[in-house]
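Number of protein chains: 2
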Amino acid sequence: MREREWRSKPRPQRRPGGHRHQRRDRHETRSDEIGAAAILYGWHTVTAALANPARHIRRLLATENAVRRLQEEGITPPMAPEVVRPDAIAARLTPDAVHQGLLAETDRLPSPAIEDLAAPSIVLVLDQITDPHNVGAILRTAAAFAVSAIVITARHSPEATGVLAKSASGALEVVPIAVVQNLARGLAALKERGFLVVGLDSGGPDDLAALQMQAPLALVLGAEGKGLRQGTRAACDRLARLDLPGAIKSLNVSNAAALALYIASQAIGRA
Amino acid sequence: MREREWRSKPRPQRRPGGHRHQRRDRHETRSDEIGAAAILYGWHTVTAALANPARHIRRLLATENAVRRLQEEGITPPMAPEVVRPDAIAARLTPDAVHQGLLAETDRLPSPAIEDLAAPSIVLVLDQITDPHNVGAILRTAAAFAVSAIVITARHSPEATGVLAKSASGALEVVPIAVVQNLARGLAALKERGFLVVGLDSGGPDDLAALQMQAPLALVLGAEGKGLRQGTRAACDRLARLDLPGAIKSLNVSNAAALALYIASQAIGRA
Chain A
49 MREREWRSKP RPQRRPGGHR HQRRDRHETR SDEIGAAAIL YGWHTVTAAL
99 ANPARHIRRL LATENAVRRL QEEGITPPMA PEVVRPDAIA ARLTPDAVHQ
149 GLLAETDRLP SPAIEDLAAP SIVLVLDQIT DPHNVGAILR TAAAFAVSAI
199 VITARHSPEA TGVLAKSASG ALEVVPIAVV QNLARGLAAL KERGFLVVGL
249 DSGGPDDLAA LQMQAPLALV LGAEGKGLRQ GTRAACDRLA RLDLPGAIKS
299 LNVSNAAALA LYIASQAIGR A
Chain B
49 MREREWRSKP RPQRRPGGHR HQRRDRHETR SDEIGAAAIL YGWHTVTAAL
99 ANPARHIRRL LATENAVRRL QEEGITPPMA PEVVRPDAIA ARLTPDAVHQ
149 GLLAETDRLP SPAIEDLAAP SIVLVLDQIT DPHNVGAILR TAAAFAVSAI
199 VITARHSPEA TGVLAKSASG ALEVVPIAVV QNLARGLAAL KERGFLVVGL
249 DSGGPDDLAA LQMQAPLALV LGAEGKGLRQ GTRAACDRLA RLDLPGAIKS
299 LNVSNAAALA LYIASQAIGR A
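Protein chains in written order, with the working numbering: chain A, 49 to 319; chain B, 49 to 319.
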């Protein structure tokens, strides 16, 4: 689906070919996942991480109030929290961040290969959606729809930390994120596994709600303003639009994802 | 629908009874609408305002690039823009604001009374949803679904300016916002006009998708974390939940609004 532009600032461009030596095979993690911590803050985001045995916590900061609330809710963190004042947490975040007295430094979660996804029904594929609020909200909605995985590109995607993690409200611990170097090849791998690959595109020939769909299904969404890239579009089995009755035809991309997931779940339930 | 907490900082409380002298009849505008300008920025938000004859523009700031783009797209503003450097616009906004070279100071749009809404089919009622990104995204989706109006409370609602206007991406010019002092009385006024009033509540007895609905319909959404207030809940004809198949049951409130509007539009189409 072609969406309105969310951010106008171009991301730094690498030299053509400049990333050639950074190519990695599908079992490698992103370089930023190896050493850099994920910063998780906010009640739901941190407590979901504490409850995830696959999430290695490096440090846990909590205010006195948050420690009390953890005790009241019967949550025993894997390590004793460092009790700090609220402003010690706030100082590590942007001014508008709502941390609710909890911050964790953790390892990044591993990125599964498309070939290794277990029992897939629906996966969501994000074609260079860069806004972390939107990607976080999409993750949260994906968790609500029992999506098997999110597929994103290694470049032009936000990191699974900070604002994205907060907006995901715990969904990072539930929905695996498969990072691919090349999205067209990622879509080819999905097709090899039997996925029907449907791209959302405002100029698509079919109304998504009228499209026959079956599991396993990959729904592909582009960035607001840019939509799907040409190579992505060409790699889809079908291109479909969301028909909307009103004066403004474009939705926030996370709202578009929610509608597409609802429509697809209905269609698969009928199939 | 009961949603997860979006903001933890309480808004400043007024003294009990301290706002008694600020009561106004339904034809008055909010005090902040009389004098204070709405600050609109971003391409879609500002150009939609320029195209709206009901929107009085006080000042228009544009970068050279934006002036060129306005000319290229055949847009003639009602007044000559003041040509400024991008940082002169940025200095008036938060650091992460994407202004795309356009900023307008305008009058606030008038708030219609519920009794004066023309040919209503669906209205959305927001019960103290405070986050301006969420309310903006809800407005944008409401415009896409041809919603007749949004009803909000005078207190504990964000102003129709800045971040809200940017997230709405032009929808402020399309969807009227009816501001009410007392939401229970507002819902009573909707019922008098024949509306079916359906509140979204995670503990509601019915699945929204299975509920019989007809126009005119009012869908009521509460804030993330708090849900509908008791008085709001009591004023609804029906309370319904959104059934979701996944591990996380709560959605970002704008995504919940998008699904509710889709489901309601389908139900009304069937009725």
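Warning: the hint list may mix true and false statements.
[Said to hold, decoys possible] In silico lysine to any residue, SDA-like type, Cα no more than 25 Å apart, as pairs: (1) A:Lys297 / B:Glu112; (2) A:Lys239 / A:Gly210; (3) A:Lys297 / B:Ala145.
[Unchecked claim] A few chain A residues that face chain B, going by a derived Cβ cut-off under 7 Å, partial list only: (4) Gln119; (5) Ala192; (6) Val222; (7) Pro224; (8) Gln260; (9) Arg289; (10) Leu292; (11) Gly294; (12) Ala295; (13) Ile296; (14) Leu299; (15) Asn303; (16) Tyr310.
Derived from the structure by calculation, the hints contain no laboratory data. As the structure is a computational prediction, the values presented were derived from the model and not from experiment. Where is the CB? At the ideal position from N, CA and C, for every residue including glycine.
| query | Which numbered hints does this structure break? | reply | 1, 2, 4, 7, 8, 9
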